[in-house]
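Chemist: Here the structure of chain R is known, so what remains is to put chain F in place on it, guided by the hints.
Read top to bottom, the protein sequences are chains R and F. Position 198, counted from 1, in the first sequence is what our numbering calls 198; the numbers after and before it change by one each time, with no gaps. Position 140, counted from 1, in the second sequence is what our numbering calls 559; the numbers after and before it change by one each time, with no gaps.
No lab work stands behind these hints, which were simulated from the structure alone. Don't be surprised by glycine CBs; every beta carbon is placed ideally from N, CA and C. Be aware that one or more of the hints could be misleading.
Quick list of the computed label-pair ranges, beta carbon to beta carbon [claimed, not checked]:
id: 1; chain 1: R; residue 1: S230; chain 2: F; residue 2: A632; range: 46 to 52 Å
id: 2; chain 1: F; residue 1: K724; chain 2: R; residue 2: S28; range: 52 to 58 Å
id: 3; chain 1: F; residue 1: V835; chain 2: R; residue 2: K264; range: 57 to 63 Å
id: 4; chain 1: R; residue 1: E234; chain 2: F; residue 2: S558; range: 40 to 46 Å
id: 5; chain 1: R; residue 1: K37; chain 2: F; residue 2: K724; range: 51 to 57 Å
On the chain R side, residues computed to face chain F include the following (Cβ under 8 Å) [stated by the list, open to error]:
id: 6; residue: F260
id: 7; residue: N285
id: 8; residue: V294
Number of protein chains: 2
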Amino acid sequence: MSRVLVIGCGGVANVAVRKCCQVSDVFSELCIASRTKSKCDALAASLADKTETKITTAEVNADNVQEVIGLIRSYRPELVMNIALPYQDLTIMDACLACGVHYMDTANYEPEDTDDPAWRKIYEKRCKEAGFSAYFDYSWQWAYRERFEKAGLTALLGCGFDPGVTQAYCAYAKKHEFDRIDTIDILDCNGGDHGYPFATNFNPEVNLREVSAPGSYIENGKWVEIPAMSVKREYDFDQVGRKDMYLLHHEELESLAANFPEVKRLRFFMTFGQSYLTHMKCLENIGMLSTVPVDFEGTEIVPIKFLKALLPDPASLGPRTHGKTNIGCIFTGEQNGKKKAYYIYNICDHQECYREVESQAVSYTTGVPAMCGALMLLTKKWDKAGVYTVEEFDPDPFLDALDKYGLPRRENRAPVLVD
Amino acid sequence: MSRVLVIGCGGVANVAVRKCCQVSDVFSELCIASRTKSKCDALAASLADKTETKITTAEVNADNVQEVIGLIRSYRPELVMNIALPYQDLTIMDACLACGVHYMDTANYEPEDTDDPAWRKIYEKRCKEAGFSAYFDYSWQWAYRERFEKAGLTALLGCGFDPGVTQAYCAYAKKHEFDRIDTIDILDCNGGDHGYPFATNFNPEVNLREVSAPGSYIENGKWVEIPAMSVKREYDFDQVGRKDMYLLHHEELESLAANFPEVKRLRFFMTFGQSYLTHMKCLENIGMLSTVPVDFEGTEIVPIKFLKALLPDPASLGPRTHGKTNIGCIFTGEQNGKKKAYYIYNICDHQECYREVESQAVSYTTGVPAMCGALMLLTKKWDKAGVYTVEEFDPDPFLDALDKYGLPRRENRAPVLVD
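The following block holds chain R by itself, in its conformation from the complex (with noise of 0.2 Å):
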């Protein structure tokens, strides 16, 4: 019997808040706010009659720390699942740790405008420093460890899928897969199709970077930068077939690096079709990404937002969407003295989502996570003060949640391993 408040209404929270509801007897109570609090009322009402949780809603700022504090004082949960854009990460820990709650989010902090020349800078500065590339990292959130710690509360940070699930799938391989863990490879494949030319699932900004931003990845317990999408496999996905996937930096590589100190090789690989990139690749050409603006008849118009005027609505793509994505982590190293290797993964179609909570996987994959992190917390499965991310918890009962609502994990244990 708890009481949580959730920040946030898009994609991701509906899906976690669907399943929070199916989950009445521990969420017996939620909060859902956000800044357009009609988008919170029709989320409520679509669920009305079809749970026992008590669904209210409220409007808030999540910019603004005092807004957070007051709701919190108002609604007085016991923890806040920070499920809104990432910006607003470090202003809702302020308000937990003013207020005494636990914390909880899907992805780490990041400033609002990275591409802001000054800002860009320090980010730059900051993961240069720390030794990987980037435009976010951990720092942020990590700093916060002492106040949580003193406080006796628990931060959860980065609880969706990747970061999330994959970083449990390398604590359950490390508890009882292996002695010693040497490689980890993790392949994040969406084999979706939703029928459009082009069309990007989240905000064109963030496929942008996903694309242009150099990789990294730990070689021998070392960084290492490469130019971007200069690393290419091809990989054989488990029910859904040849697809070509591309090293990049992600960010559960920092922290799995700070926690599996002994692993030589930490790589994250994306799959991405040809006719994305190609698409991409002409629209930067013709300056279409760019966030520099230009004087059109008069008026100031940064090119890529014009873009995401003209795309699709990442929404509308949901009931169209069909295929399935596949995302795990494959692991080599040694176990009883013996050398092996072990993949484990889950594969999620993208119209059983659509059908179930009327997301499409990608949301679906992160939001059920947030909603059994969640469950870890309320229930005590996980409980120690601090400001942590997935894998420094027993990741037993966390994948057992995932099995039972809806991202069960399956396993190989002779897998094709990747170069």
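Modeler: Positioned in the frame of chain R, the structure of chain F alone reads:
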């Protein structure tokens, strides 16, 4: 000793005027008129100490018949060279009739907004009745035949390279090389490279129309329509090399079909690089080539106009374009009872053009024939009242003039034929 009014001061007009000034004994006085007088003044100033031709300038809005009449009455030219956009062909023809002066242009009339749905219906009906696919046709200007005949005036239509020189090549082949022509293939190859990943020589709307309009050609004396870009051939062009080319509709096909009714097959091919086509396709896919305004933050924005603002200014391509154009016609037929093939073409080097007239070959190959056509009319080598296309005149003095003034013909009596 003639006085000529040039209307227009864009890339092609720049070339035509500079070439006229190389033949001052014929073009003794020239008035350059356009909407923007300062452009005319700049061109005149750049030629001031380099020619015997006496140059003046004027401002004129060629959409307004009365303004054009006023200018003709005050300047009293023998010939008006219309080298402006094709939208003003009819108003300028009207003014020439009113004032009793000869007329010529480089591209056939089209109404300004072919994308206006109401207009579009009209063109589509006209063209459907004519039996081929195009948004423009000669019917608008052929309707002036009787009036020019009665007035004892000549209107020379489409005297650039294609339309223009290609039709003179046809008349030449018929006069000297064949008793009977069976097939004509017009091959337009631009092997130029401007070093940008994507840029267009003309305005992107015109480029778009080329690649997105259905193609048409004459087979067994009848028009055949094909889906856009559906017929592709590779051809090894002299001094350019192997290029992919595509069957398009092109305006001279209409007049050639009328003037060469014995020809069984008549086609037009233009080269496009894969990268150019890929960019056009991507831009089309995301809606960037649309002429329908999109609401963007409260402002109505026409995507293709915004695209134009992003792309390099076509005028800036001149100094950086390298490589050559190769445009010509391949004929098959019979002479003296023997089957034969014949290829006549011109090769033009972008950088050489730029050094001579500060324009690359695309403008050069249109501007030089415009001057040579005017030369034919002024020297009475072409002298008959009415409205005519180039193939209706004696090709010999015209091709001699082209040989002399920068676009020499080349011949091949054993050409590789196009399938």
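Chemist: It remains to establish, for every hint, whether it holds in the given structure.
Modeler: Hint by hint, here is what the structure shows:
no.	hint	result
1	R:S230 / F:A632: 46 to 52 Å	violated, 39 Å
2	F:K724 / R:S28: 52 to 58 Å	holds, 56 Å
3	F:V835 / R:K264: 57 to 63 Å	holds, 59 Å
4	R:E234 / F:S558: 40 to 46 Å	violated, 56 Å
5	R:K37 / F:K724: 51 to 57 Å	violated, 38 Å
6	F260	violated, 41 Å
7	N285	holds, 4 Å
8	V294	holds, 6 Å
Of the numbered hints listed earlier, those contradicted by the structure are 1, 4, 5, 6.
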